[in-house]
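Residue 1 is where the sequence shown starts when you use my numbering, and the numbers rise one by one after that.
Hints are not guaranteed to be accurate.
Each computed SDA-like pair below joins lysine to any residue, with the alpha-carbon atoms no more than 20 Å apart [as the list claims (entries may be wrong)]:
{"#": "1", "residue 1": "Lys108", "residue 2": "Asp120"}
{"#": "2", "residue 1": "Lys108", "residue 2": "Leu96"}
{"#": "3", "residue 1": "Lys108", "residue 2": "Asp133"}
{"#": "4", "residue 1": "Lys108", "residue 2": "Leu126"}
{"#": "5", "residue 1": "Lys108", "residue 2": "Gly125"}
{"#": "6", "residue 1": "Lys103", "residue 2": "Thr91"}
{"#": "7", "residue 1": "Lys108", "residue 2": "Ile98"}
{"#": "8", "residue 1": "Lys103", "residue 2": "Leu152"}
{"#": "9", "residue 1": "Lys108", "residue 2": "Glu134"}
{"#": "10", "residue 1": "Lys108", "residue 2": "Thr154"}
{"#": "11", "residue 1": "Lys103", "residue 2": "Leu126"}
{"#": "12", "residue 1": "Lys103", "residue 2": "Ile86"}
{"#": "13", "residue 1": "Lys108", "residue 2": "Cys93"}
{"#": "14", "residue 1": "Lys108", "residue 2": "Pro70"}
{"#": "15", "residue 1": "Lys108", "residue 2": "Glu144"}
{"#": "16", "residue 1": "Lys108", "residue 2": "Ile86"}
{"#": "17", "residue 1": "Lys108", "residue 2": "Gln83"}
{"#": "18", "residue 1": "Lys108", "residue 2": "Asp172"}
{"#": "19", "residue 1": "Lys103", "residue 2": "Gly125"}
{"#": "20", "residue 1": "Lys108", "residue 2": "Arg63"}
{"#": "21", "residue 1": "Lys108", "residue 2": "Gln124"}
{"#": "22", "residue 1": "Lys103", "residue 2": "Thr154"}
{"#": "23", "residue 1": "Lys103", "residue 2": "Ala85"}
{"#": "24", "residue 1": "Lys103", "residue 2": "Gln83"}
{"#": "25", "residue 1": "Lys108", "residue 2": "Arg97"}
{"#": "26", "residue 1": "Lys103", "residue 2": "Glu90"}
{"#": "27", "residue 1": "Lys103", "residue 2": "Ala113"}
{"#": "28", "residue 1": "Lys103", "residue 2": "Asn72"}
{"#": "29", "residue 1": "Lys108", "residue 2": "Ser137"}
{"#": "30", "residue 1": "Lys108", "residue 2": "Leu152"}
{"#": "31", "residue 1": "Lys103", "residue 2": "Leu148"}
{"#": "32", "residue 1": "Lys103", "residue 2": "Ser116"}
{"#": "33", "residue 1": "Lys108", "residue 2": "Glu153"}
{"#": "34", "residue 1": "Lys108", "residue 2": "Leu149"}
{"#": "35", "residue 1": "Lys103", "residue 2": "Asn115"}
{"#": "36", "residue 1": "Lys108", "residue 2": "Ala85"}
{"#": "37", "residue 1": "Lys108", "residue 2": "Arg147"}
Derived by calculation from the structure, the hints in this document are not laboratory data.
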Amino acid sequence: MYLAYYGLREPPFSITPDPRFVFLSERHRDALAHLLFGIDKGGGGGFVQLTGEVGTGKTTLSRLLLEQLPENARIALVLNPRQNAIELLETVCEELRIDIDGKRGSAKALIDALNSYLLDAYAQGLRVVVLIDEAQSLPADTLEQVRLLTNLETHNQKLLQILLLGQPELRDLLARPDLRQLAQRITARFHLSPLDERETAAYLRHRWRIAGGSRFP
Numbered sequence: 001m002y003l004a005y006y007g008l009r010e011p012p013f014s015i016t017p018d019p020r021f022v023f024l025s026e027r028h029r030d031a032l033a034h035l036l037f038g039i040d041k042g043g044g045g046g047f048v049q050l051t052g053e054v055g056t057g058k059t060t061l062s063r064l065l066l067e068q069l070p071e072n073a074r075i076a077l078v079l080n081p082r083q084n085a086i087e088l089l090e091t092v093c094e095e096l097r098i099d100i101d102g103k104r105g106s107a108k109a110l111i112d113a114l115n116s117y118l119l120d121a122y123a124q125g126l127r128v129v130v131l132i133d134e135a136q137s138l139p140a141d142t143l144e145q146v147r148l149l150t151n152l153e154t155h156n157q158k159l160l161q162i163l164l165l166g167q168p169e170l171r172d173l174l175a176r177p178d179l180r181q182l183a184q185r186i187t188a189r190f191h192l193s194p195l196d197e198r199e200t201a202a203y204l205r206h207r208w209r210i211a212g213g214s215r216f217p
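Take the sequences, apply the hints, and build the full model.
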């Protein structure tokens with residue numbers, strides 16, 4: 001067994017994310033700072049965009065971001081973006097534990113229920129964040145519905161912050177003329193590039209050390 005040969009307690013690499021092995025390069029820290037700034041300065045509304053190739057750390061960053069959101073934040077995670085507009089509204093409501101019995105299938109009823117929830121959350125000093133992973137897979141009509149959700153507001157405050165995570169195709173998608181209005185509402189955007197040679201070496205040593213290795217081969 002290679003673990004005993006190298007003096008490791010556990011495998012240093014796994015396809016399942018483990019927070020103990022998190023490695024943040026300088027660019028990851030920059031991305032996290034940009035995203036937090038976008039949420040903080042976005043007036044509680046609008047869009048924050050994070051893109052990167054598969055394996056560049058988007059999911060890890062999103063988890064760290066959620067951990068660093070204030071305690072008064074309420075989160076809706078959309079992990080399956082291949083939904084039509086109605087299905088997305090239902091998912092967001094379900095994630096926020098909004099009672100939508102009798103409202104399914106009706107965009108107006110779902111939006112009314114969500115708006116009521118958001119106004120109540122605002123009155124309690126809560127912030128509501130929707131995180132959509134693999135957002136490049138969202139159909140255009142669903143993206144338009146997502147944009148319309150940011151119209152939910154008081155006289156001086158947006159009620160919903162939306163985080164869009166996706167592969168580089170998301171940037172191309174949002175550059176389309178018919179999605180121009182959505183792109184204009186992005187308050188912060190960051191693209192994660194792959195690690196360079198120096199960062200890759202540091203990443204390997206970090207995981208090796210966490211796994212119990214004393215000497216990197």
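Outcome of the hint check:
With a C-alpha separation of about 18 Å, the suggested pair Lys108 and Asp120 falls inside the 20 Å cut-off, and the hint holds. About 17 Å separates the Cα atoms of Lys108 and Leu96, which keeps this hinted pair within 20 Å; it holds. Simply put, Lys108 and Asp133 have alpha-carbon atoms about 25 Å apart, too far for the 20 Å limit, and the pair is violated. About 24 Å separates the Cα atoms of Lys108 and Leu126, which puts this hinted pair outside 20 Å; it is violated.
At most 20 Å may separate the alpha-carbon atoms for a hinted pair to count; Lys108 and Gly125 exceed this at roughly 25 Å. In summary, the hint linking Lys103 to Thr91 is supported, as the alpha carbons are separated by about 13 Å, within the 20 Å threshold. Using a Cα cut-off of 20 Å, the hinted pair Lys108 and Ile98 holds, with the two alpha carbons roughly 15 Å apart. Between Lys103 and Leu152 the alpha-carbon distance is near 18 Å, which keeps this suggested pair within the 20 Å criterion.
Restraint check: the Cα-Cα separation between Lys108 and Glu134 comes to about 26 Å, which exceeds 20 Å; the hinted pair is violated. Restraint check for Lys108 and Thr154: the C-alpha separation of about 18 Å stays at or below 20 Å, so the hint holds. With a CA separation close to 24 Å, the supplied pair Lys103 and Leu126 exceeds the 20 Å bound. Straight-line distance between C-alpha atoms of Lys103 and Ile86 comes to about 11 Å, which keeps the hinted pair within the 20 Å bound.
For the proposed pair Lys108 and Cys93, the alpha carbon gap of about 13 Å is at most 20 Å, so the pair holds. A threshold of 20 Å between alpha carbons decides the hint, and for Lys108 with Pro70 the separation of about 30 Å lies outside it, so the pair is violated. For a cut-off of 20 Å, the pair hint linking Lys108 to Glu144 stands: about 15 Å separates their Cα positions. For a cut-off of 20 Å, the pair hint linking Lys108 to Ile86 stands: about 10 Å separates their Cα positions.
Between Lys108 and Gln83, the direct Cα distance comes to roughly 17 Å. Compliance with the 20 Å bound is thereby established for this hinted pair. Distance check on the hinted pair: Lys108 and Asp172 sit about 30 Å apart at the alpha-carbon level, beyond 20 Å; violated. Between Lys103 and Gly125 the CA atoms are separated by roughly 27 Å; this puts the pair beyond 20 Å, and the hint is violated. For the suggested pair Lys108 and Arg63, the alpha carbons sit about 32 Å apart, so the restraint of at most 20 Å is broken.
Taken as a hint, the Lys108 and Gln124 pair is broken in the structure, with Cα atoms around 24 Å apart against an allowance of 20 Å. Between Lys103 and Thr154 the CA atoms are separated by roughly 23 Å; this puts the pair beyond 20 Å, and the hint is violated. The suggested pairing of Lys103 with Ala85 holds, with an alpha-carbon distance near 14 Å, which does not exceed 20 Å. At most 20 Å may separate the alpha-carbon atoms for a hinted pair to count; Lys103 and Gln83 meet this at roughly 17 Å.
A distance of roughly 18 Å separates the Cα atoms of Lys108 and Arg97; the hinted pair therefore holds under the 20 Å criterion. Between Lys103 and Glu90, the direct Cα distance comes to roughly 9 Å. Compliance with the 20 Å bound is thereby established for this hinted pair. Pair hint Lys103 plus Ala113 holds up; C-alpha atoms about 8 Å apart against a cutoff of 20 Å. Between Lys103 and Asn72 the CA atoms are separated by roughly 27 Å; this puts the pair beyond 20 Å, and the hint is violated.
Between Lys108 and Ser137 the alpha-carbon distance is near 24 Å, which puts this suggested pair outside the 20 Å criterion. For the suggested pair Lys108 and Leu152, the alpha carbons sit about 13 Å apart, so the restraint of at most 20 Å is met. The straight-line distance between the Cα atoms of Lys103 and Leu148 is roughly 19 Å, inside the 20 Å bound, and the hint therefore holds. A threshold of 20 Å between alpha carbons decides the hint, and for Lys103 with Ser116 the separation of about 14 Å falls inside it, so the pair holds.
For the hint linking Lys108 to Glu153, the alpha-carbon distance of about 16 Å falls within 20 Å, and the restraint holds. Using a Cα cut-off of 20 Å, the hinted pair Lys108 and Leu149 holds, with the two alpha carbons roughly 12 Å apart. At most 20 Å may separate the alpha-carbon atoms for a hinted pair to count; Lys103 and Asn115 meet this at roughly 13 Å. Between Lys108 and Ala85, the direct Cα distance comes to roughly 11 Å. Compliance with the 20 Å bound is thereby established for this hinted pair.
A C-alpha spacing of about 15 Å is found between Lys108 and Arg147, which places the hinted pair at or below 20 Å, so the restraint holds.
Hint violations for this structure: numbers 3, 4, 5, 9, 11, 14, 18, 19, 20, 21, 22, 28, 29, all remaining hints satisfied.
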